[in-house]
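**Student:** Listed below are the residues making up each chain.
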Amino acid sequence: MKHILRAFLLATALLATALANGQTQGPQYPRQESDVAVGNALPATTAPTQGPQYQKQESGVPVLTGFVGLGSEFEPGQQQVLPAISPILLVPIGSRILFESEAEFEGTYTHMTGQPWDHTWDKGIEYVQADVFVNKYLTLVGGRFLTPFGTFNERLHSGWIRNIQTAPFITALEMTDSNGGQARGAVSINRNLNINYAAYFSASSDTDWFVSDRAAGGRVGLFFPTARFEVGGSYQRKLGGDTRRNLVGVDWTWQLKPIPLDIRGEFARDPLIGKGYWVEGAYRMRRMPFAKAFMKKSQAGVRMEQFFVSPLMGTMDTGDMEIPSSDAKRVFAGWSYWIRPDVRANFAYGREFNRDEGDHNVWTVGLTYRFAFPLWR
Amino acid sequence: MKTRLSFIAIFLLLGIAFVVAAQTSKPAAQNIVSANNNTNTNANVQNTHTWHLPTGFTADQAYKSNCTRCHAEVPKMGTRRTKTIVQHMRVRANLTQDEAEAILEYLNR
Numbered sequence: 001m002k003h004i005l006r007a008f009l010l011a012t013a014l015l016a017t018a019l020a021n022g023q024t025q026g027p028q029y030p031r032q033e034s035d036v037a038v039g040n041a042l043p044a045t046t047a048p049t050q051g052p053q054y055q056k057q058e059s060g061v062p063v064l065t066g067f068v069g070l071g072s073e074f075e076p077g078q079q080q081v082l083p084a085i086s087p088i089l090l091v092p093i094g095s096r097i098l099f100e101s102e103a104e105f106e107g108t109y110t111h112m113t114g115q116p117w118d119h120t121w122d123k124g125i126e127y128v129q130a131d132v133f134v135n136k137y138l139t140l141v142g143g144r145f146l147t148p149f150g151t152f153n154e155r156l157h158s159g160w161i162r163n164i165q166t167a168p169f170i171t172a173l174e175m176t177d178s179n180g181g182q183a184r185g186a187v188s189i190n191r192n193l194n195i196n197y198a199a200y201f202s203a204s205s206d207t208d209w210f211v212s213d214r215a216a217g218g219r220v221g222l223f224f225p226t227a228r229f230e231v232g233g234s235y236q237r238k239l240g241g242d243t244r245r246n247l248v249g250v251d252w253t254w255q256l257k258p259i260p261l262d263i264r265g266e267f268a269r270d271p272l273i274g275k276g277y278w279v280e281g282a283y284r285m286r287r288m289p290f291a292k293a294f295m296k297k298s299q300a301g302v303r304m305e306q307f308f309v310s311p312l313m314g315t316m317d318t319g320d321m322e323i324p325s326s327d328a329k330r331v332f333a334g335w336s337y338w339i340r341p342d343v344r345a346n347f348a349y350g351r352e353f354n355r356d357e358g359d360h361n362v363w364t365v366g367l368t369y370r371f372a373f374p375l376w377r
Numbered sequence: 001m002k003t004r005l006s007f008i009a010i011f012l013l014l015g016i017a018f019v020v021a022a023q024t025s026k027p028a029a030q031n032i033v034s035a036n037n038n039t040n041t042n043a044n045v046q047n048t049h050t051w052h053l054p055t056g057f058t059a060d061q062a063y064k065s066n067c068t069r070c071h072a073e074v075p076k077m078g079t080r081r082t083k084t085i086v087q088h089m090r091v092r093a094n095l096t097q098d099e100a101e102a103i104l105e106y107l108n109r
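Going down the list, the protein sequences come from chains A and B. So that you can map any letter, position 127 of the first sequence is 127 in the working numbering, and since no number is skipped, the others follow by simple counting. So that you can map any letter, position 81 of the second sequence is 81 in the working numbering, and since no number is skipped, the others follow by simple counting.
Honestly, the hints are just simulated from the structure, not real lab data. Honestly, I wouldn't trust all of these hints.
What the hints assert, rightly or not - Per label pair, the in silico range of CB-to-CB distance:
hint: 1; chain 1: A; residue 1: Leu312; chain 2: B; residue 2: Gly78; range: 13 to 21 Å
hint: 2; chain 1: B; residue 1: Asp60; chain 2: A; residue 2: Asn354; range: 22 to 30 Å
hint: 3; chain 1: B; residue 1: Asp60; chain 2: A; residue 2: Phe347; range: 42 to 50 Å
hint: 4; chain 1: A; residue 1: Gly114; chain 2: B; residue 2: Arg109; range: 39 to 47 Å
hint: 5; chain 1: B; residue 1: Gly78; chain 2: A; residue 2: Ile339; range: 41 to 49 Å
hint: 6; chain 1: B; residue 1: Thr68; chain 2: A; residue 2: Phe210; range: 44 to 52 Å
hint: 7; chain 1: B; residue 1: Thr68; chain 2: A; residue 2: Glu322; range: 22 to 30 Å
hint: 8; chain 1: A; residue 1: Trp117; chain 2: B; residue 2: Arg109; range: 48 to 56 Å
Unchecked claim - With a Cα cut of at most 30 Å, we get these calculated DSS-like pairs of lysine-lysine:
hint: 9; chain 1: B; residue 1: Lys64; chain 2: A; residue 2: Lys297
hint: 10; chain 1: A; residue 1: Lys123; chain 2: B; residue 2: Lys64
hint: 11; chain 1: B; residue 1: Lys76; chain 2: A; residue 2: Lys275
For glycine and all other residues, C-beta sits at the position ideal for the given N, C-alpha and C.
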């Protein structure tokens, strides 16, 4: 594994060199952010011979954001109420450094037929990281961060963002946290292509709230802005103990232009646990010719997914990973309604087909409130 | 296997490095104008509103092609809060700097 780490360090050094070289030789763009107004520039009274002057732009303010949610899930013989709160703290220091942290508290109140209610609370730090914007193309991240494998973990895991409340099966493989360092960024190649990347390493930790595996990996995404299509590939090498292995993943997102339809999906494979995929479509109902006031704030979604258990899974301690014990597939149809832009109600019906556990329905109902308060003015 | 992975990692990151270096050593794009060449005040302000975005791309399009991929609704909030959150999203969604600045302007309109 030393080969990979050496290769990673060498390539990172080369990348940094190339970026530094590019910075010094590249075109001189107008100065931005900290000393030149971009968004709110006001005309300054300058003589024609003088260079332009701009009003200093307002700086960012520390923000406490996140969401509060209450969900419920009903399956035959089991009812669950799932309260959750995820506060996120964002503290910018100038325009080049951002500290960000998210804690997550998720309750599970379960009632099985013929038994009293039982409950547990999961608490954890999703991320606590420092982001340093080195230049236009490179951001260095240090601390505990969401592992950049696929897109669900980083972009869609928050309860107030995901279209269907129940997470897809394969997100159990990718929804992990890493303690270590990361280099990431995005580069615009031409009018039709942006490349974004993330490369990271993580140390092993058993500390409460900061559990992570020893691993290294990355994700490269190709984003076609005019087509509004992104496809990404992820790789992770688990380095710990006897379960060293390679995980791979592919993700895609496509926003159709003619109609307000988003299609996204992911594939992931862990040789010891299994492989699977999910595909989801979400349609904004604002063009419906009836019940316009209601439809304008509504979105319909469907998801299809499959999971194939690895024959080796029996050799693996899967802990509390929420994965099926045998091959399974699941379909969902859901509806979201925004009571306000920051308050969403959603409902979904799903049917799970499971070889060993049998087929059953899954009903979910949820309400989320997304908040964002400035910590001072 | 390890050696092969090493080579893949090296080539992947070298590819990114090459692309970045090539990108930054290009002549200035036509929609980036040096502010020092301008004599008209309004033109100066206008020029600070252009980014290295695809030709014909506006702040509105930068918002639509990035933010709405994940967010069906984006609540309106104050300018300074928005700036912090866009900084956060630049990392989370791997936005280019120019996209992030264009989106910031769109959200602060």
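**Student:** Each hint needs a verdict: does it hold in this structure or not?
**Tutor:** To see whether the hints hold, each was checked on the structure:
1. A hinted range of 13 to 21 Å is violated for the C-beta pair Leu312 of chain A and Gly78 of chain B, which are about 52 Å apart.
2. Between Asp60 of chain B and Asn354 of chain A the beta carbons are some 45 Å apart, a value that contradicts the proposed interval 22 to 30 Å.
3. A hinted range of 42 to 50 Å for the beta carbons of Asp60 of chain B and Phe347 of chain A is inconsistent with their spacing of about 32 Å.
4. Under the hint 39 to 47 Å, the C-beta atoms of Gly114 of chain A and Arg109 of chain B, about 58 Å apart, miss the expected range.
5. Judged by the Cβ atoms, the range 41 to 49 Å given for Gly78 of chain B and Ile339 of chain A is violated: they are separated by roughly 22 Å.
6. With their beta carbons about 34 Å apart, Thr68 of chain B and Phe210 of chain A fall outside the hinted range of 44 to 52 Å.
7. For Thr68 of chain B paired with Glu322 of chain A, a C-beta distance near 29 Å keeps the hint of 22 to 30 Å intact.
8. For Trp117 of chain A paired with Arg109 of chain B, a C-beta distance near 49 Å keeps the hint of 48 to 56 Å intact.
9. As the CA atoms of Lys64 of chain B and Lys297 of chain A are separated by approximately 17 Å, the hinted pair is consistent with the 30 Å bound.
10. At roughly 35 Å between alpha-carbon atoms, Lys123 of chain A and Lys64 of chain B are farther apart than 30 Å, so this suggested pair is violated.
11. Straight-line distance between C-alpha atoms of Lys76 of chain B and Lys275 of chain A comes to about 40 Å, which puts the hinted pair past the 30 Å bound.
Hints 1, 2, 3, 4, 5, 6, 10, 11 from the earlier list are contradicted by this structure; the remaining hints agree with it.
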